[in-house]
Amino acid sequence: MIKIDIHKKIYGSHGEMDLDFNLEIKKGDFIALTGESGSGKTTLLRILAGLEDASGTIQVGDEVWLDKSKFISPQKRRIGFVFQDYALFPNMTVLDNLLYVQKNKKLANYLLEITELNELQHRLPTSLSGGQKQRVSLCRAMMNRPQLLLMDEPLSALDPNMRTKLQNEILTLHKEFGTTTIIVSHDPSEIYRLSTRVVVLHLGEIINDGTPKDVLLKTTGSQKFSFEGELLDIIKVDVIYIAIISIGQQLVEVVISHNEAKNLQVGQSVSVSTKAFSPIIHTLS
Amino acid sequence: MIELLGKIEFEPFLLSFKLAFITTIILFVISVPLAWYLSQTRSKIKPFLESLTALPIVLPPSVLGFYILVVLSQNSPLGIFFEDVFGVKLVFNFTGLVVASCFYSLPFMVQPLQGGFESINKNMLEASYIAGKSKFETVLKVALPNIKPALLTAIIVTFAHTVGEFGVVLMVGGSIPSETKVASVAIYEMVEMMDYGSAHIYSAIMVIMSFLVLLSVYIFNGKQSRKLGI
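Chains as they are written, first to last, in my numbering: chain A, 496 to 780; chain B, 4 to 233.
None of the hints are false.
Mimicking DSBU-like on lysine-lysine, the simulated pairs with C-alpha atoms at most 35 Å apart in a straight line are:
#1 B/226 with B/151
#2 B/144 with A/522
#3 B/138 with B/125
#4 B/125 with A/503
#5 B/144 with A/565
#6 A/504 with B/125
#7 B/47 with B/151
If you want the ones that stay clear, here's a sample from chain A, every Cβ over 10 Å from chain B, calculated:
#8 515
#9 518
#10 519
#11 548
#12 551
#13 616
#14 660
#15 670
#16 688
#17 723
#18 752
#19 763
#20 779
Quick caveat, the hints were computed from the structure, so don't treat them as lab data. These numbers come from a predicted model, not from an experiment. For every residue, glycine included, the Cβ atom is placed at its ideal position computed from N, Cα and C.
Chain B extracted, bound-state conformation (with noise of 0.2 Å):
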């Protein structure tokens, strides 16, 4: 067993967690003003834009995956602007895998935010407005800070469902070791290598921390919930 736990190659961890962090950094940016709009807006495109957002939930990984391998390959309009101008490729690499773990985890990071911003008193925030704040301040000091459970829960599940993904970074990413070679993908080669020994401590390593991540979330939402009397 130490023996075993000796031989472990903490690298696909490290690159899980790497390609986790910046996708939830990249996708809060990306995912308040999203949110925000959707939970404002009466406009007609809103159910387009609701039904885009929520698609990677429902569509197989491997369609997803396949179309960003089109659309990001080297063969591809974007893929080869990319490259001329800016000299990264796509695919195949960290940046692809950073690019493909955006769309695929954008629901979890925008779904809860709107859903945080929707149960917001409506009079609060034109309180905001009556004192002179600008939607963005507003949002910033108001909004963001009144709906903390609603924020982190979107923050935790993006970050673990980036670690816990598979399939797309399978497609899009392949398997290079310290590249695009995450702990997924390390498991599922182990287990096609028969080496169970080690697929069962980077299994059970994956389970413990997963639970404890969630363990602590939804402590903080409970005792959030109680502070602001939500």
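Chain A on its own, in the form it takes in the complex (with noise of 0.2 Å):
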């Protein structure tokens, strides 16, 4: 059980404001950290990391690593963290990345085996593309098997194919380890998959906690269907209206009347959602 109670002032890019954060978070749960930018998500992390102090306590287990009287310093925390940036240490091979932690060969040639990174174990950093990097990252995270696993959006950088993969593997990880883990992100399918929790952060404050699919599902009534998604074109076609809109990273065409077509805007955000309808499944692929 971590019992997470903590309070500090704040200069984001909202100016001043108070991240106030309560949570209790069960042994080997996944949470997902979510909110918009600025909101505090990476303050939190980091001070459950150690790397910035605040007041309030924050306690793993039985061991208390903030209150009044006590601060734990990173080194003695045992957690892993992965960075955005991957942060490998670029004078040292992928297997001394892992080394680097902790002197245990058995468990890094494991790690690297489930990552499927055993061939390019001797290779330096630089030689490696983003997402090997960030399996690298997350293999060094395990090296001192962890209490807590902190991850800072550590797929954002990577494109749709890599991240899926990744997210197995962070999933296969987090089987096999049972590590209680943070990730903050924004992406919804990833926490989906990934978290058995989700918890909103708005300037500093949580004002969402709940599974995935509550949380995340954003149906109201009897629509089946709704998605979010941006406006691009509108296009005239004989006597209708033609809406180009972009969901995610696909473009969709919906049919609009005149009305419609005059009060809507290019480049609005718009949500589209329909029901009373069944829709059919392909697999791809």
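Each of the two chains sits in its own frame; use the hints to bring them together as a complex.
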């Protein structure tokens, strides 16, 4: 059980704000932390890692990491941290990056095997792709068998295919080690696939906390499908209008009436929803 | 010409290099912690320390030499202390030159190192702390190996700058053969005595050696940057 109750004044892109965070996490949970940028997510991870101080308490199992009179340094917290920019040591090979944390060759080989990095173990980080670097970083974070794994938007710099692959590897590692994990992410499909609980932060405060399904599925009432997208263009074809909307990585066409077309502006965020139909799902590849 | 070359005494060069070698080692040991502190601190004393460190660049060597003489001479409290306790004189001998050179060349060691440390990705250092490593171990195994170009620049420029110093050396050391008469002082004396032939040869040796040293630094740094992808 991890108990977090912290408070800190932070100066972010929205000016001064209070980070006020109170959460209890069960051992082995996989928490996704989400919310708009500047809401304090990264600061929170850094406080948990001991890289920044704050007032309040952090208790992990029987250990107190932070309270009025105590501050355990990052060196002694036994955590894993995966940075968005990988932060590998460029002067060490893949294997040495892992062994730097803990001289445990067996564990290093095991981790490299799970993440299919075995053949790259003697390469320097500069010669690796972004996805490979992040896998190394993930392995490195697991090397001290952390009590808490923190990941700060680990996959946001990678392309969609590589993300899916790494999500699978993160899941495999989580099943294997049962590490309590907090991931900062903006990607709903990533959050849904990985996490058991979603915490939404807004201006330093928790505004939503629940299962991924409760928090992420945005349909209301009898709507079955509802997506948010950006209106890219409105094209007039004979007597009808076609709106081109970008949803996620895809473009869709929606037929709209003359009146609707008048009220819409290109560039607006729109929600596209429909009800009472049964979609057909085809498998791809 | 050959006759002239045969007459050349290499002692001043050897003395210059010995001085530069010792100064570089001492400064390296002092400057790594200092540069690391300056690169990491957000304390208010940082600009004061930075100004103090940079002072020898802007001060005329004579000012520096004068103060070093005042502080270290046999009549000063520090000079008396060293003479009584350790039995060493700190001016007009080789020891005095080393002390003076350490002040004079300090910024040339500290500044490249500080710049190098500041350019390191902070997350990388934090990753090392999180891995349970102390600051000392992080500097040794992560920070220093990843600033090799800055490291080499600092060492070589400090060495070269010490070889090339003149004013401070002359004031603090004088020109005692085999003790404080380094190459730059020797050239000055030759010119004074209108021995232009020897001055030419000494000067040419200095130019060629300095150029080769700098050239090798730049070639090495270019290769390192490509290798580490900086």
